[in-house]
Structures are given as C-alpha cells and as structure tokens.
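So the sequences go chain by chain: A and B. The working numbering puts the first residue of the first sequence at 1, with every later residue one more than the last. The working numbering puts the first residue of the second sequence at 305, with every later residue one more than the last.
Rather than coming from a laboratory, the hints here were simulated on the basis of the structure. A portion of the hints provided could be inaccurate.
Claimed, not checked - Which stretches of chain A does chain B cover? Using the computed rule of at least three CB atoms under 8 Å from a CB of chain B, they are:
{"id": "1", "region": "145-155"}
{"id": "2", "region": "200-209"}
{"id": "3", "region": "215-224"}
Glycine included, every Cβ here is placed at the ideal spot set by N, Cα and C.
Each chain, letter by letter, is given below.
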Amino acid sequence: MTTVDPQRRPGLPGLPGPDAPRRRRLARLPRLRRRGVEARPRFAFVVTVLFFVLLYLPIGMVVLFSFNSQKSLTVFKHFSTRWYSAFFHDHVLLSSLGMSLKISLVAMIGSVLLGVALALGLVRARGRLGSYSGLIMLVPLITPEIVTGVASLMLYKGLGVTLSTGTVMISEITFSISYVTVILRSRVAALNPEVEEAAMDLGATRWQAVRLVTLPALLPAILASAVLIFALVFDDFVLAYFTTGVDPQPLAVRIYSAIRFGVEPTINAVGTLMLAGSITLIAAALSIPRLFGRSGGLDLLSGD
Amino acid sequence: MTTTSSPTSPAAPATPDTPAVRLDRITKTFGQDAAAVADLSLDIAPGEFFSLLGPSGCGKTTTLRMIGGFADPTAGTILLSGQDVTRLPPNKRNVNTVFQSYALFDHLSVADNVAFGLKRAGVPREQTRRRVAEMLELVQLPAFANRKPRTLSGGQRQRVALARALVNRPAVLLLDEPLAALDLKLRRQMQIELKQIQREVGITFVFVTHDQDEALTMSDRVAVMNAGRVEHCGTPEDVYERPETKFVASFMGTSNLMTGVYRSGAVQIGGGPAITVGACPQIADGAEVSVSIRPEKIWLSDFEPDMPRARGVIKDTVYSGPTTTYLIELAPGVTVAALEQNTARSRNEDRWVGGESVEIAWKTEHCLVLV
Numbered sequence: 001m002t003t004v005d006p007q008r009r010p011g012l013p014g015l016p017g018p019d020a021p022r023r024r025r026l027a028r029l030p031r032l033r034r035r036g037v038e039a040r041p042r043f044a045f046v047v048t049v050l051f052f053v054l055l056y057l058p059i060g061m062v063v064l065f066s067f068n069s070q071k072s073l074t075v076f077k078h079f080s081t082r083w084y085s086a087f088f089h090d091h092v093l094l095s096s097l098g099m100s101l102k103i104s105l106v107a108m109i110g111s112v113l114l115g116v117a118l119a120l121g122l123v124r125a126r127g128r129l130g131s132y133s134g135l136i137m138l139v140p141l142i143t144p145e146i147v148t149g150v151a152s153l154m155l156y157k158g159l160g161v162t163l164s165t166g167t168v169m170i171s172e173i174t175f176s177i178s179y180v181t182v183i184l185r186s187r188v189a190a191l192n193p194e195v196e197e198a199a200m201d202l203g204a205t206r207w208q209a210v211r212l213v214t215l216p217a218l219l220p221a222i223l224a225s226a227v228l229i230f231a232l233v234f235d236d237f238v239l240a241y242f243t244t245g246v247d248p249q250p251l252a253v254r255i256y257s258a259i260r261f262g263v264e265p266t267i268n269a270v271g272t273l274m275l276a277g278s279i280t281l282i283a284a285a286l287s288i289p290r291l292f293g294r295s296g297g298l299d300l301l302s303g304d
Numbered sequence: 305m306t307t308t309s310s311p312t313s314p315a316a317p318a319t320p321d322t323p324a325v326r327l328d329r330i331t332k333t334f335g336q337d338a339a340a341v342a343d344l345s346l347d348i349a350p351g352e353f354f355s356l357l358g359p360s361g362c363g364k365t366t367t368l369r370m371i372g373g374f375a376d377p378t379a380g381t382i383l384l385s386g387q388d389v390t391r392l393p394p395n396k397r398n399v400n401t402v403f404q405s406y407a408l409f410d411h412l413s414v415a416d417n418v419a420f421g422l423k424r425a426g427v428p429r430e431q432t433r434r435r436v437a438e439m440l441e442l443v444q445l446p447a448f449a450n451r452k453p454r455t456l457s458g459g460q461r462q463r464v465a466l467a468r469a470l471v472n473r474p475a476v477l478l479l480d481e482p483l484a485a486l487d488l489k490l491r492r493q494m495q496i497e498l499k500q501i502q503r504e505v506g507i508t509f510v511f512v513t514h515d516q517d518e519a520l521t522m523s524d525r526v527a528v529m530n531a532g533r534v535e536h537c538g539t540p541e542d543v544y545e546r547p548e549t550k551f552v553a554s555f556m557g558t559s560n561l562m563t564g565v566y567r568s569g570a571v572q573i574g575g576g577p578a579i580t581v582g583a584c585p586q587i588a589d590g591a592e593v594s595v596s597i598r599p600e601k602i603w604l605s606d607f608e609p610d611m612p613r614a615r616g617v618i619k620d621t622v623y624s625g626p627t628t629t630y631l632i633e634l635a636p637g638v639t640v641a642a643l644e645q646n647t648a649r650s651r652n653e654d655r656w657v658g659g660e661s662v663e664i665a666w667k668t669e670h671c672l673v674l675v
C-alpha cells in the first residue's frame with residue numbers, strides 16, 4: 001500500500017526509483033482502486049466497533065455501577081465496594097448462589113457422562129438409526145429455550161412431580177447433553193480406530209480400551225465441554241425459571257424476582273461477580289486444549 | 305493370554321511340527337459383496353518370516369485382521385500353535401500387531417506405550433521396567449523412553465510400535481504394511497533391521513505388504529494373494545522365478561507376458577515370431593498359453609551356442625542408473641523388454657539406440673509357459 005500512495009512518501013521527490021512508472025500509471029486510476037486490496041476496509045471497521053459498543057455498553061454500566069458509593073443507578077459518585085459487602089451479607093442471595101453452583105455442578109457431571117457416551121455411540125452406530133439419532137440430538141440446540149422450559153414444566157405437572165432443585169437439575173442435564181455431544185462427536189470421529197484395537201491387541205478388554213486409551217485421548221475436549229456446560233447452566237434463566245420449586249431458587253431466578261420489587265445495586269455486584277466467573281470459565285474452556293499441547297480451543301465452541 | 309485353553313481342541317500339545325498359524329478354509333464376506341477372503345488355507349511354521357503379498361483389495365489385510373481377532377471369519381477355523389482361536393477376542397490371543405498407522409497411545413510416554421501390554425498381563429513392575437528397557441535397546445530408542453510419541457519421527461514411531469508389540473513375546477507378530485508410511489531410504493533400512501530383529505527374537509512374523517521388493521527381500525516364504533485367494537505360496541525365489549499363475553508372473557516384478565499357441569516346444573505368438581520354450585509335456589499341442597520371460601533373462605549380446613533367438617527393432621531405451629531397459633519390437637504389436645546391467649565392462653558406445661535392429665536370445669529354462 002505504501003509504495004503506491006505518493007502522499008505517504010513526501011521525502012523522495014528526486015528519486016523516482018524503479019517502480020516510478022508503475023506508480024504514475026496507478027495514480028491515474030480511480031481513488032478506490034489506488035488504495036488497493038490491502039487497504040483497511042473502513043466500513044467493516046465501523047460496524048465492528050458499533051457492534052462491540054452495543055454489546056458491551058450495558059454490561060460495562062453494570063460493572064461500573066456495582067462500584068458506586070450511592071444507591072443511584074444513573075449518577076456515579078465514588079468508588080466503593082459497599083454493594084459487594086451487602087451481597088455477602090444477604091443470606092437469601094448467598095443461598096441462591098450456592099444452589100446455582102450445586103445445580104451447575106450436577107448438570108455438568110450428568111450431561112458430560114451422558115453426552116460422551118452418546119457421542120461414542122453415535123459415531124460408532126452404523127446405519128440409519130445412528131444418523132437419525134444424530135439429527136434428533138441436534139433438536140434441543142435449535143428449540144427456543146422457552147419452549148423447552150414450558151414443555152418441561154408441563155411434563156412435571158403431568159407426571160405429578162413437585163418442582164424442586166431435582167427437577168431443575170434433570171431439565172438442565174437434558175438440555176446440555178446436546179452441547180457435549182456436538183463438541184465431542186467430531187473428536188470421536190477423528191480418533192484412529194486402530195488405537196483402540198491396539199489396546200485390545202495388547203490384552204485390554206473393550207471397556208479397558210475405552211477407559212485407558214479412548215477417554216484420555218478425548219480428555220481435553222471433555223474438560224472443555226464440562227467447563228462450558230457449567231457456565232451455560234450457571235447463567236441459565238429460562239429453563240430454571242420454569243422448573244424451579246420453592247427451595248432456594250437458582251441465582252438467575254432469584255435476581256429476576258428481586259428486580260420486580262425495585263432494582264438494588266446489589267444486583268449489579270452479583271452481575272459483575274457472575275460475569276467474572278463466567279469469563280474465567282470460558283477462558284479455561286478455551287485454554288484447556290492448549291494446556292494439553294494441542295491447538296484449537298476456539299473450534300471447540302464452533303463444534304468443529 | 306497364553307494359559308487360555310481352547311474349548312474345541314483341549315489337548316493339542318505344540319510340537320515343533322505344529323504350525324504357528326493354521327488357517328483352515330477361511331472365508332470372509334462383508335454383507336452382499338464378493339468374498340474378501342475365499343476358502344483360504346495356509347500353514348505358517350514357527351519362527352518363519354511369512355509375507356502376504358498382493359494388490360490392494362486382495363484380502364491380505366482382512367486375513368491378518370482375522371488372525372489378530374479384529375474380524376470374524378464367515379467360515380473356517382484359525383489355529384494358533386494348534387489351538388482353535390476362531391472365536392476368541394484379540395485380548396485372549398497370543399498374537400500382537402504392528403498397525404499400519406502405528407496406533408500409538410499419544411497420551412502415554414514411549415516407555416508407557418511399550419509397557420502397556422505387560423501391565424495388562426500383570427507382569428511385576430520391576431520385570432516390566434527391565435523388559436521395556438531391553439526392548440527399547442533392541443529398537444535403538446533407549447534415549448526416547450520419556451518422550452511422547454508425537455515428538456518422534458515416522459521411523460522412530462514405527463520402532464515404538466514394534467517394541468510395544470514384541471515386548472509381550474507373542475507367539476506370532478502380525479505386521480500390517482508397517483513400512484508403507486516411511487520414505488524409500490528409511491524403508492530399505494527398516495527392512496534390514498526388521499529382518500535382523502526377527503532373527504534375534506525368533507518370533508513368527510506375518511507381514512502384509514503390497515510391495516513385492518519388500519516381500520522378496522525379507523521373507524522366508526511369500527503368499528501372493530489376488531481376489532481373496534492365494535495364487536502362489538512359496539519361497540521368494542519360487543514365486544519370482546517359477547510363478548504358478550499368470551497373475552503372479554505379472555505381479556512379481558516386470559515380465560514379458562505374451563499369448564500364443566503352443567506347438568511342440570514353441571509358442572507361436574499371434575502375428576509374431578515363434579518363441580522356442582522347450583518341451584512342455586503337460587501341455588497339449590494347439591493349446592492357448594501365455595509365455596513369460598523376465599527382462600533380465602533376455603540376452604542382447606555374448607550369445608551362447610544353440611540359444612533360441614529372435615530379431616527385433618529397438619523402440620525405446622530407458623536408462624535408470626545401474627540398468628538400462630530396452631523395448632524391442634519383435635513384430636507389430638509384440639514388444640519385449642530386455643534389461644542390461646550397466647557394468648564396468650559395457651561402455652557407453654556399446655549401448656543400443658532407438659531404431660537399431662538387434663537380435664535377442666534366451667534360454668528355454670527361463671521361459672515360463674502358463675496356461
């Protein structure tokens with residue numbers, strides 16, 4: 001770019017250089033052409049900046065006002081951590097946080113166990129049944145969560161099951177299996193079948209071969225999906241809202257209930273803490289494969 | 305592994321005559337397709353270096369997988385040292401496999417890869433450590449014990465795969481084109497090494513390859529397979545010098561294969577010369593036959609008296625370092641290749657050039673008449 005832009009090189013008037021004829025020829029072309037293919041696409045740049053502003057401005061406000069010394073949600077006075085200490089003395093919110101952590105942990109373990117088994121099964125199931133199951137497996141990913149939530153609620157009501165922490169856990173597990181399977185399936189398909197055969201050749205039973213060879217090979221992807229599920233379930237509101245009972249409610253549901261009676265800045269503090277936790281987890285999910293010396297953490301999320 | 309007794313042949317003591325591997329009328333079909341392996345019977349002697357050679361899709365890998373226990377034969381029985389293992393899973397068979405892809409365990413170190421089989425067999429830790437060290441010594445990788453397989457080169461990984469299989473002291477080692485992924489020079493080196501290791505450990509090797517040079521240089525015996533059947537089984541010299549079928553003659557090296565009609569010691573090539581092949585008592589006069597002469601068995605000079613001869617025109621010369629191949633047209637449509645060594649004695653100006661008329665000669669014992 002710099003060699004074709006004469007304005008960028010004012011200090012070389014007497015030195016036409018070897019590319020001078022070319023430069024003169026290019027200068028006659030329209031301006032757009034002169035900037036060349038390597039020029040920065042300004043429109044795309046503006047759109048990108050706008051996108052990030054719209055995306056992060058509200059979140060930034062929450063973080064900012066969580067450190068406000070005043071109760072106001074519009075005027076920032078001084079820096080203070082009073083809303084954080086208020087949160088840590090609020091037993092209802094704390095018990096909700098504990099409940100959310102518990103639900104996320106159980107949902108993570110349950111959906112990873114089932115999701116890994118499903119991924120192994122789908123890849124190895126030959127024939128039509130396997131490919132149909134593979135398609136059906138994707139349905140929860142595209143179903144609007146509100147539909148899943150209402151459907152779960154109706155199912156529990158129909159069965160006469162009292163809504164409780166248990167029902168939230170079951171629903172969250174069901175909903176999360178697809179994510180695990182989508183992440184794991186391509187990894188399982190990429191495994192060399194001869195490796196498992198080699199383990200059996202060396203005296204391992206089929207189960208030992210899976211445990212000693214296949215699962216360790218999948219470990220980075222399993223850990224990454226586990227962290228992702230934990231973050232997704234922890235943040236989940238819709239499904240939790242429809243399936244939770246009267247026990248300490250999950251944090252997201254608790255916050256929603258609280259803001260109906262007016263917004264306390266404590267919520268900003270909770271939001272900021274949740275954000276920090278989620279970012280930490282997502283960062284962990286992305287970096288786990290790198291810890292194992294493999295490239296590509298981002299592709300885990302895109303499912304490749 | 306070794307103590308597993310077979311339900312069908314409980315008392316079959318392994319004598320020196322008991323074949324290490326016996327395949328008895330093995331057939332394998334996949335779905336509705338033609339049989340991948342059709343009614344195949346083979347005996348492989350203990351300590352033998354045995355090769356299954358053939359083009360891709362001939363059933364050699366399927367045969368190996370059935371011996372290893374990774375594929376169930378549709379019909380027939382497999383005996384290892386006299387014991388029926390047809391229905392046993394791989395972990396219950398006293399055989400180990402070196403896979404084409406090496407199939408190393410990437411999350412384990414080289415030493416742990418090699419120790420895998422011993423750990424499964426419950427060998428005491430101290431003995432495991434010693435045997436792993438010995439084996440890494442044998443494959444010349446003692447310095448790499450703590451490395452991960454990913455950090456090794458292709459040749460080194462190949463050795464780890466070999467050590468991992470051999471350390472279990474199997475009765476039979478199965479090798480599925482283990483050298484296919486290596487470059488030519490390394491492959492030549494590994495061929496020699498593999499043969500040395502086999503002599504050293506004395507284990508029966510069953511070696512699958514599509515490379516005839518590899519099969520010829522390494523094997524005690526070779527089974528040439530085509531379309532699920534063994535076409536010819538014998539020593540490398542047998543299958544090369546005296547192929548039993550047209551397929552073997554054309555698959556093993558290059559061959560001048562000409563078809564014609566046999567009549568009292570000569571084959572009349574259609575539209576070409578009569579090739580004197582010597583008397584073949586088992587072939588009736590007037591029979592349609594193929595005659596095969598190896599390019600290196602065709603003489604272009606220094607003829608001995610009473611050799612059969614023919615005249616032809618040099619169509620092309622192919623120089624390839626130590627040898628030169630001449631394509632000689634005996635008659636329109638009848639071309640033979642003749643191979644000459646570029647030895648110190650034959651000088652540049654002695655070579656023939658295209659268009660030159662030459663006389664070729666051969667010995668009748670080098671002519672193979674195949675029905």
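Hint by hint, here is what the structure shows:
Coverage of the region 145-155 of chain A by chain B is violated. Counting CB-CB distances below 8 Å, 0 residues qualify, and the rule asks for three or more. Coverage of the region 200-209 of chain A by chain B holds [criterion: at least 3 residues with CB-CB distance below 8 Å; count 8]. Counting residues of the region 215-224 of chain A whose C-beta lies closer than 8 Å to any C-beta of chain B gives 3; at least three are required, and the coverage claim holds.
Checked against the numbered hints above, the structure violates only hint 1.
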